[in-house]
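These protein sequence lines map, in sequence, to chains A and B.
Following the numbering used here, the numbering of the first sequence begins with 1 at its first residue and continues without gaps.
Following the numbering used here, the numbering of the second sequence begins with 1 at its first residue and continues without gaps.
No wet-lab data here; the hints were simulated from the structure.
A portion of the hints provided could be inaccurate.
What the hints assert, rightly or not - Heads up, incomplete: computed chain B residues facing chain A, CB under 10 Å, no partners named:
#1 THR4
#2 THR28
#3 LEU49
#4 LYS51
#5 ASP62
#6 ASN74
#7 GLY75
#8 PRO87
#9 SER93
#10 THR111
For glycine and all other residues, C-beta sits at the position ideal for the given N, C-alpha and C.
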Amino acid sequence: MDINYIGEHLWAGQLGQISIIIAFVSAFVAAIGYAFASRNDAAFSDWKLLSRSAFSIHILSVFSIIGTLLYMLYNGMFEYHYVWQHSNSEMPMRYIMSSFWEGQEGSFLLWLFWHAVLGAILLKTSKTWEAPVMSVFAMVQMFLVSMVLGINLGDVIRIGSTPFLLLREHPDFMNLPFLQNAAYLDRLDGRGLNPLLQNYWMTIHPPTLFLGFASTLVPFAFAIAGLWKKKYTEWMKPALPWTYFGVMILGTGILMGGAWAYEALSFGGFWAWDPVENSSLVPWITLVGAAHVMVIQKNRGQSLIMTFVLTTVTFILILYSTFLTRSGILGETSVHAFTDLGMSGQLLIYLLSFTFLTIFLLIINWKDIPKSKDEDSLYSREFWMFIGALVLVISSFQIMFTTSIPVWNKLLGTNLAPPLDPIAHFNSFQIPLAIILSLLIAVTQYFKYKKSDPQQITKALTIPFIISLIGTAAIGYAMHYRNVMYLAMLFTTLFLICANAYYWLKMLKGKLKIAGASVAHIGFGMILLGAFLSTSKTQVISMNTSGTDVESLGSKGDFSNRENILMMKGDTLRMADYFVTYAGKKKEGVNVFYQVDYLTKTDNTYNLEFSLYPRVQTNPRMGNIAEPDTKHFLHKDIYSFVTYAEVETEEAKNKPEEYKKTLTESLAKGDTLITSQAFVILTGFNLEVDRAKSQLLEDDIAVELLLTVIDINGKAQNTSTIFVIRGNKSFGIPANLEDLGLRLVVQKIIPEDGKAEISVYEKPDNYREFIVMQAMIFPWINILWAGCLVMIIGTILAMRRRLKTA
Amino acid sequence: MKKTHILAIIVIALAIGAIMTTVSDSSTYSNFKEAIENPGTEYHVVGQLDKESELMYDPEVDANLFAFNMIDNNGDNHRVHFAGSKPQDFERSEQIVLVGKYENDMFQASTILMKCPSKYNEGQEGEMQEFTAKTASF
Numbered sequence: 001m002d003i004n005y006i007g008e009h010l011w012a013g014q015l016g017q018i019s020i021i022i023a024f025v026s027a028f029v030a031a032i033g034y035a036f037a038s039r040n041d042a043a044f045s046d047w048k049l050l051s052r053s054a055f056s057i058h059i060l061s062v063f064s065i066i067g068t069l070l071y072m073l074y075n076g077m078f079e080y081h082y083v084w085q086h087s088n089s090e091m092p093m094r095y096i097m098s099s100f101w102e103g104q105e106g107s108f109l110l111w112l113f114w115h116a117v118l119g120a121i122l123l124k125t126s127k128t129w130e131a132p133v134m135s136v137f138a139m140v141q142m143f144l145v146s147m148v149l150g151i152n153l154g155d156v157i158r159i160g161s162t163p164f165l166l167l168r169e170h171p172d173f174m175n176l177p178f179l180q181n182a183a184y185l186d187r188l189d190g191r192g193l194n195p196l197l198q199n200y201w202m203t204i205h206p207p208t209l210f211l212g213f214a215s216t217l218v219p220f221a222f223a224i225a226g227l228w229k230k231k232y233t234e235w236m237k238p239a240l241p242w243t244y245f246g247v248m249i250l251g252t253g254i255l256m257g258g259a260w261a262y263e264a265l266s267f268g269g270f271w272a273w274d275p276v277e278n279s280s281l282v283p284w285i286t287l288v289g290a291a292h293v294m295v296i297q298k299n300r301g302q303s304l305i306m307t308f309v310l311t312t313v314t315f316i317l318i319l320y321s322t323f324l325t326r327s328g329i330l331g332e333t334s335v336h337a338f339t340d341l342g343m344s345g346q347l348l349i350y351l352l353s354f355t356f357l358t359i360f361l362l363i364i365n366w367k368d369i370p371k372s373k374d375e376d377s378l379y380s381r382e383f384w385m386f387i388g389a390l391v392l393v394i395s396s397f398q399i400m401f402t403t404s405i406p407v408w409n410k411l412l413g414t415n416l417a418p419p420l421d422p423i424a425h426f427n428s429f430q431i432p433l434a435i436i437l438s439l440l441i442a443v444t445q446y447f448k449y450k451k452s453d454p455q456q457i458t459k460a461l462t463i464p465f466i467i468s469l470i471g472t473a474a475i476g477y478a479m480h481y482r483n484v485m486y487l488a489m490l491f492t493t494l495f496l497i498c499a500n501a502y503y504w505l506k507m508l509k510g511k512l513k514i515a516g517a518s519v520a521h522i523g524f525g526m527i528l529l530g531a532f533l534s535t536s537k538t539q540v541i542s543m544n545t546s547g548t549d550v551e552s553l554g555s556k557g558d559f560s561n562r563e564n565i566l567m568m569k570g571d572t573l574r575m576a577d578y579f580v581t582y583a584g585k586k587k588e589g590v591n592v593f594y595q596v597d598y599l600t601k602t603d604n605t606y607n608l609e610f611s612l613y614p615r616v617q618t619n620p621r622m623g624n625i626a627e628p629d630t631k632h633f634l635h636k637d638i639y640s641f642v643t644y645a646e647v648e649t650e651e652a653k654n655k656p657e658e659y660k661k662t663l664t665e666s667l668a669k670g671d672t673l674i675t676s677q678a679f680v681i682l683t684g685f686n687l688e689v690d691r692a693k694s695q696l697l698e699d700d701i702a703v704e705l706l707l708t709v710i711d712i713n714g715k716a717q718n719t720s721t722i723f724v725i726r727g728n729k730s731f732g733i734p735a736n737l738e739d740l741g742l743r744l745v746v747q748k749i750i751p752e753d754g755k756a757e758i759s760v761y762e763k764p765d766n767y768r769e770f771i772v773m774q775a776m777i778f779p780w781i782n783i784l785w786a787g788c789l790v791m792i793i794g795t796i797l798a799m800r801r802r803l804k805t806a
Numbered sequence: 001m002k003k004t005h006i007l008a009i010i011v012i013a014l015a016i017g018a019i020m021t022t023v024s025d026s027s028t029y030s031n032f033k034e035a036i037e038n039p040g041t042e043y044h045v046v047g048q049l050d051k052e053s054e055l056m057y058d059p060e061v062d063a064n065l066f067a068f069n070m071i072d073n074n075g076d077n078h079r080v081h082f083a084g085s086k087p088q089d090f091e092r093s094e095q096i097v098l099v100g101k102y103e104n105d106m107f108q109a110s111t112i113l114m115k116c117p118s119k120y121n122e123g124q125e126g127e128m129q130e131f132t133a134k135t136a137s138f
């Protein structure tokens, strides 16, 4: 039975799907055409013209796919699964880009977009390299487009997952009853963008990271073209500026991810050695290695094999990390991998195709690739740069080997789990490597290519060496570093910074144009130093002041690390140099903000220094998620988040509270009654009771007891309870004090003593709101962020210089 | 011997070192039985929350002690102590991975990884969340 659905915009999906197919076919044609065009035979220019047109069509159709999906998101076409899944009608339009790339399909499109943009630039600038380079580009694009094709071959094989699938065609929804209603769209709204991702980081981080991924394709394409056309060295000149560009953008993207984690997620830091983080870090490390061996090659014509290996491995590692994060193989080892779309086979084919292509080209060219005969001198720059590149290789190998544990399990049938303490595991290797690397970066610039005079180097390095030694002693003393490894790390990073700064000021006479390498190295040193200082001296300030001893609960285990603290609303606790108060909470949308005031005390008065608002997000997709709030100072950050809190307060408030009688006492005028929450003073009796107001009958006898209630904060309020005799019955009209959870009722009057008997009723656990939180200080973390900026500037300088000489 | 050979040997040695460290630092996915047989050794144990059991978390007494029962994939049910606050929405978890060791007659977890179902019924899996007792540091 066919249903004529009302209100669907089928043309949009068709336009998008046709664009995908054109993009796929045109990439295929361009890949083949350019391959023929690179043969330089008679038909060369015809092939070139054809492939150029094909690639231009490909670029336009990629833009068309993206434009269509954006248009669908903008107009809320929830009949499409992707639009339904990632947006809704309430979502502010500033998040439209975030919802665009929230899903796998959208992020593939983002990647395709950057490849198309870079491809368009290369089409204009690659000149004689156009045919082979663009052939590689088109081939990569063909594979990428196939990820969003969404074509079924038979019942089993599905190629790609398209963002233009209708909700009612999606296997999970197909048979749902509401989709049998022709007018189902009238009542349909999208599921919306995950609230955790509704922030500006989600707008800027993915495009930066994917531009970084995309830019690794350029040196790869040139390297493959170099092998293919047997121009083993010439390809590097045009590839080098792009390599620097990739180092800068990919580095920025990774650090942005770290900054996002630090600002918005509560795992307590900017780097957790999570598989997803690692798999984008490793290609960056190899890309940095590639950039350095290219410079050696350019100046000395050596390490050619290493240049090919590092350049190609970088791109293959990008494919590998795509496989890791999108195939579902990471499973429970990662907190933020994509969910599996059943495309692991396809991703694997993509990865293996380019791996084997590269290996094949390297093997058939192996004999012809020129290798240097003479040994590098120990006193040459190229030797130590090469060693540095090797250190980078070992570092990336170690990170990747551990991150790939789930892959080894699949391949070998083992049942290994990732290290229990991943941070300690990675640091045990990466800190010594960072120490060696820092030393290498510090001294290598002082060497000349080919051969240099060791005495001159020692002389030049004396001043930075002494400065960093003094710096190490001062900082080490001030911040209580005793561990030898930590002192070594402190010294080498300081030495790295000083030596490069000195080189720039003294050797390069402070000229900025040619100082790209020095500036970038200073930035890198600052990143290492900031990361080291802030994480090695993280001070958890929410510990040691709280609670009863766990021993008394009967557990004798290793419960010494108490980093959570309980704070009752209104209580003030000491934390480091502050007195901290939990002031209350406020609900805004899905977020509950907990106001925590940080005070200082001078002469017995508290001064409010600042307030932090860590929040708990009641996330409909992921449950409740704590998001931190951080106070930034120049030399430290105070970072805090709520680890446990009652979120559902409305419910708690609506519960019928039962009052319990706690005591009964006889009071004369002026007497005081002490309850758990307040003092109650009987100030007098009133015999002229307002009968109408208290709804009393004409014949009732009534006495009003005037009471003053003073709470623990010293606030006084007046109230009253009335004793009534009606016929042969008597009763008391209670005084209710809601905010104190208190109810006072007169039971009887004893006229001969001038006394009244008053009962006190209180709410059972006189509910006081509380939160459990963690707070910590990260010292000097700003050095890290400043280092990021310095490194970016240095890389841009280096890139500009290479572009001029290219 | 040429310098390149020395370098090659050093690199290979370090690579082997890296592999060895990974293998020795890594733990294995296991069950309560094995953890009990080897008290003091750390394991990853996969299982589900015993929803019948009492979830004990009283921050007014101790904000750093959370106790519950987990049934591992072999069906063994054991009391677990976690030295941190109760993860948000723990009751809703459908799968738990504990990292910890058996000591003093109970399983002491240092990290809890849990997966909650998505609140939308579309057969989609929820995302993993991680809760650690101790803050990351050098």
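Checked hints:
The restraint placing THR4/B at the interface with chain A holds, with a minimum CB-CB distance near 7 Å, inside the 10 Å limit. Evaluation of the THR28/B hint against chain A yields a held restraint, the C-beta minimum of about 5 Å falling below 10 Å. Violation of the interface hint for LEU49/B is found here, the shortest Cβ-Cβ separation to chain A being roughly 13 Å, above the 10 Å cut-off. Contact between LYS51/B and chain A, as hinted, is not supported at the beta carbon level, the nearest pair being about 16 Å apart and thus beyond 10 Å.
Look at ASP62/B: its Cβ gets to within about 5 Å of chain A, closer than 10 Å, so that hint holds up. At a threshold of 10 Å, the smallest CB-CB gap from ASN74/B to chain A is about 14 Å, leaving the interface hint violated. For GLY75/B, the shortest C-beta to C-beta distance to chain A is roughly 19 Å, which exceeds 10 Å, and the interface hint is violated. Checking PRO87/B against chain A: minimum C-beta separation of about 8 Å stays under 10 Å; hint holds.
Of the supplied interface hints, the one on SER93/B holds, with its beta-carbon coming within about 9 Å of a beta-carbon of chain A, less than 10 Å. Among the interface hints, the one on THR111/B holds; its C-beta lies about 8 Å from the nearest C-beta in chain A, closer than the 10 Å criterion.
Of the numbered hints listed earlier, those contradicted by the structure are 3, 4, 6, 7.
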